Amino acid sequence: MKNRLRVLRAEKNWSQAELAEKVGVSRQAIIAIENGKYDPGLPLAFKLARSFGETLEEVFIWDEPAKG
Amino acid sequence: MNNPPSVTRRSTVPLLLTLALASVIDIGAGWLLVQPHFPQSTRILIALLPVPANLVLVVLIIRTIRKLDEFLRQVHLEAVAIGFLLTGLAVFVYGYLERADAVRPLNVGIVWFFMLLFYGIGYVIAARHYR
Numbered sequence: 001m002k003n004r005l006r007v008l009r010a011e012k013n014w015s016q017a018e019l020a021e022k023v024g025v026s027r028q029a030i031i032a033i034e035n036g037k038y039d040p041g042l043p044l045a046f047k048l049a050r051s052f053g054e055t056l057e058e059v060f061i062w063d064e065p066a067k068g
Numbered sequence: 001m002n003n004p005p006s007v008t009r010r011s012t013v014p015l016l017l018t019l020a021l022a023s024v025i026d027i028g029a030g031w032l033l034v035q036p037h038f039p040q041s042t043r044i045l046i047a048l049l050p051v052p053a054n055l056v057l058v059v060l061i062i063r064t065i066r067k068l069d070e071f072l073r074q075v076h077l078e079a080v081a082i083g084f085l086l087t088g089l090a091v092f093v094y095g096y097l098e099r100a101d102a103v104r105p106l107n108v109g110i111v112w113f114f115m116l117l118f119y120g121i122g123y124v125i126a127a128r129h130y131r
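Chains A and B, in that order, are what the protein sequence lines are.
Our numbering puts the first residue of the first sequence at 1, with every later residue one more than the last.
Our numbering puts the first residue of the second sequence at 1, with every later residue one more than the last.
I should point out that these hints are in silico values taken from the structure, not numbers from a laboratory.
Small disclaimer: the values here were computed from a predicted structure and weren't measured.
Check the hints yourself; a few may be wrong.
Said to hold, decoys possible - DSSO-like mimics (lysine-lysine), calculated; alpha carbons at most 30 Å apart, straight line:
#1 2/A / 47/A
#2 12/A / 22/A
#3 47/A / 67/B
#4 22/A / 2/A
#5 12/A / 37/A
#6 22/A / 67/B
#7 47/A / 22/A
#8 22/A / 37/A
#9 37/A / 47/A
#10 12/A / 67/B
#11 67/B / 37/A
#12 47/A / 12/A
#13 2/A / 37/A
#14 2/A / 67/B
#15 12/A / 2/A
Using the sequences provided together with the hints, build the complete structure.
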């Protein structure tokens with residue numbers, strides 16, 4: 001799953017620590033999500049999207065795995 | 001959709017203090033048990049002396065885990081799994097070496113050390129994986 005977290009955060013001029021504080025998680029969690037190493041659960045994904053004033057689908061992009 | 005609060009100094013200080021207290025009681029009980037002049041009933045009481053502080057420690061660790069966010073829980077879960085499996089492997093190998101008379105009988109106290117060591121290694125591996 002891809003996400004636009006880093007771009008949206010840069011637009012808001014928030015640091016990773018500030019975003020982490022806003023959604024109540026550790027900075028390590030934000031780093032892992034931004035790097036695509038960790039996919040958040042639904043509650044956290046919604047919180048992240050809402051913190052940017054966006055919908056879930058605008059922040060997280062589902063990558064359909066190639067068939068065959 | 002409230003997230004659990006992050007682990008703060010407020011929750012880690014009591015944990016570290018209890019850990020220090022439990023360690024002192026453990027060492028003290030170990031020292032008292034090698035003294036020859038206590039009757040058997042007293043020795044049993046001394047042997048059970050570390051239990052309350054260690055139970056408090058277990059409760060505090062579980063509370064701390066519950067305050068972690070979902071990502072840190074995943075990292076620590078992997079660290080615990082690696083620590084558990086490597087400790088099991090080490091004890092298993094040591095047991096066979098003991099049967100082969102290659103090593104002295106296992107001091108169970110050292111298992112704690114290996115658990116901590118392998119947990120630390122597991123944490124580094126898991127944290128690097130998600131970096």
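Status of the hints after comparison with the structure:
1. A distance of roughly 17 Å separates the Cα atoms of residue 2/A and residue 47/A; the hinted pair therefore holds under the 30 Å criterion.
2. For the hint linking residue 12/A to residue 22/A, the alpha-carbon distance of about 13 Å falls within 30 Å, and the restraint holds.
3. For the given pair, residue 47/A sits about 18 Å from residue 67/B by alpha-carbon distance, which is consistent with the 30 Å threshold.
4. For the suggested pair residue 22/A and residue 2/A, the alpha carbons sit about 21 Å apart, so the restraint of at most 30 Å is met.
5. With a C-alpha separation of about 23 Å, the suggested pairing of residue 12/A with residue 37/A holds against the 30 Å cut-off.
6. Distance check on the hinted pair: residue 22/A and residue 67/B sit about 16 Å apart at the alpha-carbon level, within 30 Å; holds.
7. Under the criterion of a C-alpha separation no larger than 30 Å, the hint pairing residue 47/A with residue 22/A is consistent with the structure, at around 9 Å.
8. For the suggested pair residue 22/A and residue 37/A, the alpha carbons sit about 21 Å apart, so the restraint of at most 30 Å is met.
9. In summary, the hint linking residue 37/A to residue 47/A is supported, as the alpha carbons are separated by about 19 Å, within the 30 Å threshold.
10. A C-alpha spacing of about 28 Å is found between residue 12/A and residue 67/B, which places the hinted pair at or below 30 Å, so the restraint holds.
11. Distance hint between residue 67/B and residue 37/A is fulfilled; the C-alpha atoms sit about 22 Å from each other, no more than 30 Å.
12. Our distance criterion of 30 Å between C-alpha atoms is met by residue 47/A and residue 12/A, whose separation comes to about 16 Å.
13. For the proposed pair residue 2/A and residue 37/A, the alpha carbon gap of about 10 Å is at most 30 Å, so the pair holds.
14. Straight-line distance between C-alpha atoms of residue 2/A and residue 67/B comes to about 27 Å, which keeps the hinted pair within the 30 Å bound.
15. Simply put, residue 12/A and residue 2/A have alpha-carbon atoms about 19 Å apart, close enough for the 30 Å limit, and the pair holds.
Of the numbered hints stated above, none is contradicted by the structure.
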